[in-house]
Amino acid sequence: MKEWLSYRPGDFLMFSQRVYERLFVLHNEALWPLPLLALALGAALLLALAFPRPGRVRAALGLLGLAWAFVAWAFLWQRYAPINWGIRYVVPLFALQALLLALGLWRGGLKLPARWDLPRGLGVALVAYAVFLHPLTALLHGRGLAGAEVVGLAPDPLAIATLGVAAMARPASRGWALLAIPALWCLASAATLYLLDSPAAWPPLLAVLVALAARLLPRDSPPASRNSGSAKQNVC
Amino acid sequence: MDSDRHRLSRRRLLGGLGALAAASALPPLPARAATGEILTRALPATGEPLPLVGLGSWITFNVGDDPALLAECTAVMRAFFAGGGRMIDSSPMYGSSQATIGHGLAELDAVEQAYAADKVWTSSPDEGSAQIEASRQHWGVPRFDLLQVHNLVAREANLETLLAMREAGEVRHVGITTSHGRRHDAVEQIMREAPLDFVQLTYNIVDREAEQRLLPLARERGIGVIANRPFQQKRLIRRLEGKPLPDWLAETGAQNWAQFILKFILSHPDVTCAIPATTQVEHVRENLAAAREPLPDAALRRRMADYVAAL
Ligand SMILES: NC(=O)c1ccc[n+]([C@@H]2O[C@H](COP(=O)([O-])OP(=O)(O)OC[C@H]3O[C@@H](n4cnc5c(N)ncnc54)[C@H](OP(=O)(O)O)[C@@H]3O)[C@@H](O)[C@H]2O)c1
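Protein chains in written order, with numbering that gives the first Met the number 0: chain A, 0 to 235; chain B, 0 to 310.
Simulated from the structure, these hints should not be mistaken for laboratory data.
Here are some of the chain A residues that sit facing chain B, going by a computed Cβ distance under 10 Å:
#	residue
1	Tyr6
2	Gly9
3	Arg21
4	Tyr79
5	Asn83
Residues of chain A placed beyond 10 Å of chain B at every Cβ, according to the derived structure:
#	residue
6	Leu35
7	Gly61
8	Leu62
9	Gly108
10	Ala176
11	Pro198
12	Ala212
Keep in mind the model is a prediction, meaning the values are calculated, not measured. Glycine residues also receive a C-beta, built at the ideal position from the N, C-alpha and C atoms.
Just chain A, with the same shape it has in the complex:
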């Protein structure tokens, strides 16, 4: 016990801020022009969630699932794990999240609300933030847009976008299941960035709080007297 008390949180950090930031610069360089395509796909994801139809929702979930698998391999395994051995244990969790999203597709098991309510508004706002604003946090680091974290290619915006989907997903049990891994990732990332003295520690932390609040808020559910047919129209 005495020994554990002698550790500071910073003692567990094994790389410098500069090395961490350069990961994204090198990642974008290696994948160029994929970051542009990823941004376009991110915009399509946002549109699909803002104007949902069953087909669009399935496509959005499929895209997110693919992105989790891609980020697990291309970013976590190839780039991040060499400087942070703990990441090896995170890769299976990312694969599991890809699987959960795929299961959500299966027989339309996961639905998104078609009508606007506060949880849906917060969920869509999180996705919009992840796609369009989060890449700009690279400017807070002072590394320029070459080191931007783009949704679908980097873990933080991907996790934040997925939190957005999980915040509004129905039924609640599936929403919570979809929320757990991105929330854990965002908390770990916020802690890492905080220890690296980065002002960009806040967004992932706030994203978790927003997603939790959205999930806990009362939903605009159909009145009990409505028949199951009209309840179905409430979701996609």
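Fit chain B with the ligand to the supplied structure of chain A, relying on the hints for placement.
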């Protein structure tokens, strides 16, 4: 070639003196160096002289395969060897640091110059040998000069592996490590019981617990001492920066806080070397320069410690 022979014979000579000091349990004096050369201290076990300043690699060399950062680390290593440094310390725990060192050694063709110090770090001792072999391949050295049980992890079994390797000539020296003043009781016990060549521990101008038991014991048992975290991972330098350096700084031979801190460590007669880590060529030069004459004597060391304590 000639200079190699010269270096060897000089080493042997200094080594003989060092062994003599070890045999008589006197604190080994740093070998006087030609002007501008860095001082060495004899490894008690063999008398082999080691430069007083080595190079750590925790965080600083964990740069993945980033070509720009690899080149910066290679530049640090180039300056280190050019300045007379030899010992580089790493561990399988340090991410890509071992591979960075291997990259630098290959680029600089400096395998011969390096005193390669690494660690075994596994709680499954059966995997120790495979881990050491993987580390060796990262470094690209024929064998390690020193292998240490990192943070006393699975200490008995891992130490057994290392001692067997030393017996078989697969490693030259064997040691254990700790840091932050942790588990000094266990370290003391192993120092008493095992035939160690080195112990690595945290020692600097504010972390001085090792002076009580471990440093005297190291002298008594003929064990070399590697001082890690000389700058408390830079926290100490940050704390002192902006505070006035003493008027009598020139007496210590230091020119700034980093050298002041290092000179305090290096002037302890039972410390074989300190291993500051850095990403900067300028800093590695500064650190090596701290191992030049003069080194503070006991009275000046006390004054240095009191000065820092009073800040
Ligand atoms: N249990 C263990 O086995 C154990 C535990 C801890 C450490 N170690 C070993 O000991 C080594 C040293 O410890 P450490 O790396 O934790 O910390 P350290 O050497 O006390 O401090 C390293 C920091 O000091 C800065 N620095 C170096 N020279 C400087 C100078 N002349 N002026 C200003 N700043 C300077 C470096 O920054 P710049 O890059 O800006 O120069 C670096 O951030 C480690 O790298 C590792 O090899 C072993």
